[in-house]
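Asker: Residue numbers (my numbering): 34 to 585.
Calculated directly from the structure, the hints in this document are not laboratory data. Keep in mind that a hint or two might mislead.
Straight-line distance between alpha carbons at most 30 Å, and here's what the computed BS3-like set of lysine-lysine pairs gives [to be verified]:
1. 518 / 446
2. 150 / 518
3. 421 / 446
4. 107 / 554
5. 482 / 465
6. 525 / 554
7. 94 / 543
8. 194 / 136
9. 505 / 579
Here are the simulated distance ranges between beta carbons [claimed, not checked]:
10. 165 / 215: 39 to 49 Å
11. 215 / 77: 23 to 33 Å
12. 165 / 381: 49 to 59 Å
13. 195 / 480: 22 to 32 Å
14. 88 / 419: 45 to 55 Å
15. 362 / 457: 40 to 50 Å
16. 319 / 182: 26 to 36 Å
17. 171 / 414: 55 to 65 Å
Note that CB positions come from ideal geometry on N, CA and C, so glycine has one too.
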Amino acid sequence: MKKIALITFFLSKLLISQDFPKDFRSPVQIPISLSGNFGELRNNHFHAGIDIRTQQRIGLKVLAPKYGYVSRIKISPYGYGKAVYIDHPNGYTTVYGHLSELKGDINTKAREEQYKKQNYSIDLYLKPNELPVTEGDLIALTGNTGGSGGPHLHFEVRDTKTEEILNPFLFGFDIADNVPPQINGTWIYPIDGIVNGSREKIMVSQGGNYFAAGKIGFGIKTYDKQNASNNLNGIYFIKTYVNGELISEYIANRHSFDESRAINATIDYKEKLNRNSWIYRTYLLPGNTLQMYEQTQNKGIVEIESGKNYSIKLVAGDFAGNTTTRSFTVQGIENISTSTKPAKGKYTAEILKPLEIKENGIHIKFDKGSFYENIDFDFQPLEINKFKIHNSSVPLHKAFELSIKPDWSTLDKNKAEHYVIFRQSNYGPAKKQYLPTIYKNGIFTASPKDLGEFSLVLDDIPPTITSPMLTKSKQVGKKLSFIIKDAESGIKSYDVWIDGKWILAEYEYKQNSLFIPDLSKEGIDKGFHEVEVRVMDEANNLKIYKNNFEKL
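The task is simple: from the sequences and hints, build the whole structure.
Answerer: Spelled out as structure tokens, the structure:
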């Protein structure tokens, strides 16, 4: 066993010792300070790059770090907002997100595609000879578009071939950092055992005594900080030692997008739901194959023997080598507790098998690999057209397919196209969610990513469209803007037409703003014009707004 662990340990070091190119230049012209780092814990995903602070400003220059070509332009109101991808001959791709403006031929190509599709959102892949760039070329300006919480540049490095995301620090994007991580708590988890007579996790306190039997694991709440930044960022590595032997090593070097939702198995998911507290597990759940756990013995689980003492050391470290340590001792005792098994459900969800349920007009399909643990699965009708699909405290690795053939006795069939599938959490603080829903041949279908209680709800209220600037004055200068909102299912599509011609408008959902930044760039000359705005929500309710204005 020790020989195998030693081989695994050395293999895990190959990535760090790999000769990554160190000649990428900085994408910005200011000293790099981070508001977020690689692998940081986020809702349902690990942060895929570094967030470079932009001095709380929008419009700083973004420069190509090395020669290559623009391989992809993606624009969306959500996610990365306006984003540019550059493939480099060295086998890596750099990514730039939340941009305010694309520059030069990149912007021209994006606008051509947007007008061709008559859509603000595009995902355009380009050939190697279409948009070449050289080191230092201006490609864009920094911004706050998409799912950004404030002005910054999101920067990534990916393996071009596999599309795996790599820690930019591996490429020399290091920053001054002599600040050690902080540890805000450590825990002992009874996995198939007890700690201090309890089957619930126990928080470790200074000078505390801990007695355990059976199988246990550990948890740690830790953050990293850097010089010149007060942000609590993600940790680079966590090492777990038992009696001086390394049994678990988590290192944020690389991960794939397919692994993103494994964050919910990497953390104590119930703790996150209940208290918004992020505790790393130093051990693996059975279905968690996240590659950032680069070495584990027995999946990081300790099997306690009666009468034996276990010296535990947890080490949190950053990329610069700063570390913080917590140590404690666990004493092994006899396991005299009687195990209590939960009531067996009607169905069994297994890690390596698909699960399909057909009952009471509902059809549910889970692919294999959807669950992190084998569980007794609870499904039950609650009332007409409302169902409990297990418990929202159990995380899923994949979305599942949910189809509902409704009982129309409590619904209005004449408004069938305005019903959507609605999810409500049944663990922790209440969370409600309208799901994008397809209605076809009398069946409603959605792809939820979380468990809970599901029902059909009617949304026959259209979005609202207002224009405070046109209410105040019909005379418009450079910019034309509207406020669009939907109180229920959410906005699905939006279009602006001026004088009968589709016009490119940007949607900033954080401010409920739909706007044309520069009317002249869209071919709107001085004089009088008619504008029409169309907004549809996820329940297929359409709102049309019409008005006149004078372009000055």
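Asker: Indicate, hint by hint, whether the structure satisfies it.
Answerer: Status of the hints after comparison with the structure:
1. 518 / 446: holds, 26 Å
2. 150 / 518: holds, 24 Å
3. 421 / 446: Status holds; Cα separation ~23 Å.
4. 107 / 554: holds, 21 Å
5. 482 / 465: Between residue 482 and residue 465 the Cα gap is close to 13 Å, so the pair holds against 30 Å.
6. 525 / 554: holds, 26 Å
7. 94 / 543: holds, 24 Å
8. 194 / 136: Cα-Cα ~27 Å, so holds.
9. 505 / 579: It holds: about 15 Å lies between the C-alpha atoms, which stays within 30 Å.
10. 165 / 215: 39 to 49 Å: Given about 45 Å between the Cβ atoms, the range holds.
11. 215 / 77: 23 to 33 Å: holds, 25 Å
12. 165 / 381: 49 to 59 Å: holds, 55 Å
13. 195 / 480: 22 to 32 Å: holds, 25 Å
14. 88 / 419: 45 to 55 Å: holds, 50 Å
15. 362 / 457: 40 to 50 Å: Roughly 44 Å apart at Cβ, these two residues keep to the hinted range, so it holds.
16. 319 / 182: 26 to 36 Å: For residue 182 against residue 319, whose Cβ atoms are near 35 Å apart, the range 26 to 36 Å holds.
17. 171 / 414: 55 to 65 Å: holds, 59 Å
Hint violations for this structure: none, all hints satisfied.
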